[in-house]
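Colleague: Read off the chains here:
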Amino acid sequence: MISRFERTVNYAILLVFAALVLMPLASIVAGAIAAPSAGATGGIHLENFPAAWTQARFGRYMTNSFLVTGTVLAISVVVSTLAGFALGTMTFRGSGLLFYLFLLGIMVPAEAIVIPLFFDLRALGLTDTLLGVALPQIAQSTAFGTYWMRTYFRASNRSISEAARIDGAGTIRTLWSIQLPVARPALVTLVVLLFMWTWNEFLIPLIMSPTGKMRTVPLGLAFFQGQHTVDHTLMAAAAVMVALPVVVVYLFLQRHFIRGMLEGAVRE
Amino acid sequence: MRPSLPVNRRAAVGGWSEAGRRRSNRLYHPATPYLLVAPAFVVYGLFMLYPLGKAVHLSLFEWDGMSLGVFVGLRNYLAVATDGALRASFAHAGVLMFFYCVLPLAIGLVIAAVLNRAKVRGLGFFRTVFFLPQVIAMVVVATAWGGIYAFKGPLNTLLRAIGLEALASDWLGSYTLALPAIGMIGTWVEIGLVTVLMLSGMAKISPDLYESARLDGAGAIREFFAVTLPSVIGEIAVALTLTIVAALKTFDLVYMTTSGGPGTSTTVPSYQVYYQAFKVHEVGMAAAIGVTLTALIFLINVVVNRTADRMAA
Chain G
1 MISRFERTVN YAILLVFAAL VLMPLASIVA GAIAAPSAGA TGGIHLENFP
51 AAWTQARFGR YMTNSFLVTG TVLAISVVVS TLAGFALGTM TFRGSGLLFY
101 LFLLGIMVPA EAIVIPLFFD LRALGLTDTL LGVALPQIAQ STAFGTYWMR
151 TYFRASNRSI SEAARIDGAG TIRTLWSIQL PVARPALVTL VVLLFMWTWN
201 EFLIPLIMSP TGKMRTVPLG LAFFQGQHTV DHTLMAAAAV MVALPVVVVY
251 LFLQRHFIRG MLEGAVRE
Chain A
1 MRPSLPVNRR AAVGGWSEAG RRRSNRLYHP ATPYLLVAPA FVVYGLFMLY
51 PLGKAVHLSL FEWDGMSLGV FVGLRNYLAV ATDGALRASF AHAGVLMFFY
101 CVLPLAIGLV IAAVLNRAKV RGLGFFRTVF FLPQVIAMVV VATAWGGIYA
151 FKGPLNTLLR AIGLEALASD WLGSYTLALP AIGMIGTWVE IGLVTVLMLS
201 GMAKISPDLY ESARLDGAGA IREFFAVTLP SVIGEIAVAL TLTIVAALKT
251 FDLVYMTTSG GPGTSTTVPS YQVYYQAFKV HEVGMAAAIG VTLTALIFLI
301 NVVVNRTADR MAA
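Going line by line, the protein sequences match chains G and A.
The opening position of the first sequence corresponds to residue 1 in our numbering, with each subsequent residue numbered one higher.
The opening position of the second sequence corresponds to residue 1 in our numbering, with each subsequent residue numbered one higher.
By construction, these hints were calculated from the structure, which means they are not laboratory data.
Incorrect hints may have been included.
[Claimed, not checked] In silico DSSO-like pairs for lysine-lysine, Cα to Cα no more than 30 Å straight-line:
1. Lys279/A / Lys213/G
2. Lys249/A / Lys213/G
3. Lys213/G / Lys54/A
4. Lys119/A / Lys204/A
5. Lys279/A / Lys249/A
6. Lys54/A / Lys279/A
7. Lys54/A / Lys249/A
[Claimed, not checked] Listed below are several chain A residues computed to face chain G (Cβ distance under 10 Å; list not exhaustive):
8. Thr128
9. Trp145
10. Trp188
Ideal Cβ placement from N, Cα and C applies to all residues, glycine included.
Make a model of the complete structure from these sequences and hints.
Modeller: Right, dumping it as structure tokens:
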């Protein structure tokens, strides 16, 4: 029997735990709307946001962030859906080896590849460009995306696509009009995970954009902190703006985030 | 008209029928799978496999990034194993593992087990909250905690208010406290992930198992060790892999909060990669640290998963 006492204890644990998680986040939101300097009075100061936006040059960095994230998402989702479809539904020589090669890429940390990439891309004149910051992340995202879509297609219903093929539909048409509409949940999960990882990425844009021309918002925040005169409230306001896009998507699609991060852990 | 040909699966792997696609018993051209994989493989090969191979190559050289490199064999790896500063950075990552992995797992298991005994409503809402730190950029997390740890920040204010003034200190500026202080941020980030993972594992346990354990006279503690824990081995393996790797790859957090300081008390391997390559121009050494990190991550994946499989069998 579950006693009333036990249930009350459970709610108490949940509430304390939730408070501990939320407190640091609340502190930064509170900091962001606090009075910017000693002279100002209390109350809510939303003007910190436009002030931080200008002083931290977020107009530029936000544009960069959306460009990098958009490029990484567009390319890696398309190529990994195609590859995942082939690896998940077709039998062909070398498919096993190819799969393990992609799997390898999920485990390789950015730390290992950024150093050679920096020197090679610099030689090609690609550092400080959109491609220079995006390409390494496209490779990382394709490794995970191929793994994720292969897992999905392997488990998906093969008979519908076989029926479509017998009907004379080509491979691409089968994938586009028969498989993809059904695969939407798996695709949405992939898109939100890649969006979050790319938006939050720090090391790759730090190294691939040495002059800061293609700096994304997380780096913008780090460099804003580096300016000695920065006001704490403006720093907090800038931090809130960095986190906001992902948090908003998370609040709407949290099931996809949780499912993806729990199931996406490689266990083969 | 819909052809009612029986599909011969084995034929699908074979050659291309001369009768043409429509009447063929093949489902696709033999080149189709390769064409589908090609775009992904090209971008992946060029920007992941090739640089990984090149990192291994670079790690065998002493190179400043400009002049000609000198082949030094495994000397960079030897330095990773023997050099005080480099070893210290791996040791720091080991300390962080306790905070990222052991602590969240111990607390997460207990909390999940307690919550699992009496089902409560609104768990979905709490799950969303617990998972929140996972989706927030590390630089933002670092900014938030930097404020909390500040000398005049809320943590010290709280300690003074409850009479523990002696404990108040400059957390991130202290040689002894900075590393555990960073570790606690890791605990805060990972504990929700681990708890949610454990809850989802425990939700799958059949109630019959608990019932028979209770009939055998098992108390809550014995029930935990006899029924709950063995049932979530798979989830524990996932949690261990994710959190250990997160600890090993700590970078943004250190970059934002301490830059490896004070002194070298919070350097980590990822920070050494950046520092060696771009601050002291030891590119070969940076590559060797990156390769070592990769090898460690592989090893941890293999060991954790093998052990879990053996325990589950």
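Colleague: Would the hint linking Lys54/A and Lys279/A be met if the CA-CA limit is 30 Å?
Modeller: Since the Cα atoms of Lys54/A and Lys279/A sit roughly 21 Å apart, the hinted pair holds (cutoff 30 Å).
Colleague: For the pair supplied as a hint, Lys249/A and Lys213/G, is the alpha-carbon distance within the 30 Å limit?
Modeller: Status holds; Cα separation ~26 Å.
Colleague: Does Lys213/G sit within 30 Å of Lys279/A, going by the straight-line distance between their CA atoms?
Modeller: holds (20 Å)
Colleague: Measuring from the C-beta of Trp188/A to each C-beta in chain G, is the shortest one below 10 Å?
Modeller: This hint holds: Trp188/A lies near chain G, its Cβ roughly 7 Å from the closest one there, short of 10 Å.
Colleague: Should the interface hint for Trp145/A be scored as holding, given a Cβ-Cβ cut-off of 10 Å against chain G?
Modeller: holds (6 Å)
Colleague: Between Lys119/A and Lys204/A, is the straight-line Cα distance small enough, at 30 Å or below?
Modeller: holds (13 Å)
Colleague: When the nearest CB of chain G is found for Thr128/A, is that gap smaller than 10 Å?
Modeller: For Thr128/A, the interface hint holds, since the closest Cβ of chain G sits about 5 Å away, which is under 10 Å.
Colleague: Does the structure keep Lys54/A and Lys249/A at a Cα separation of 30 Å or less?
Modeller: Measuring from Cα to Cα gives roughly 20 Å; hence the hint holds.
Colleague: For the pair supplied as a hint, Lys213/G and Lys54/A, confirm whether the alpha-carbon distance does not exceed 30 Å.
Modeller: Since the Cα atoms of Lys213/G and Lys54/A sit roughly 26 Å apart, the hinted pair holds (cutoff 30 Å).
Colleague: Mind checking the alpha carbons of Lys279/A and Lys249/A for me, to see if they're no more than 30 Å apart?
Modeller: holds (19 Å)
Against the hints set out earlier in the document, no violation occurs for any number.
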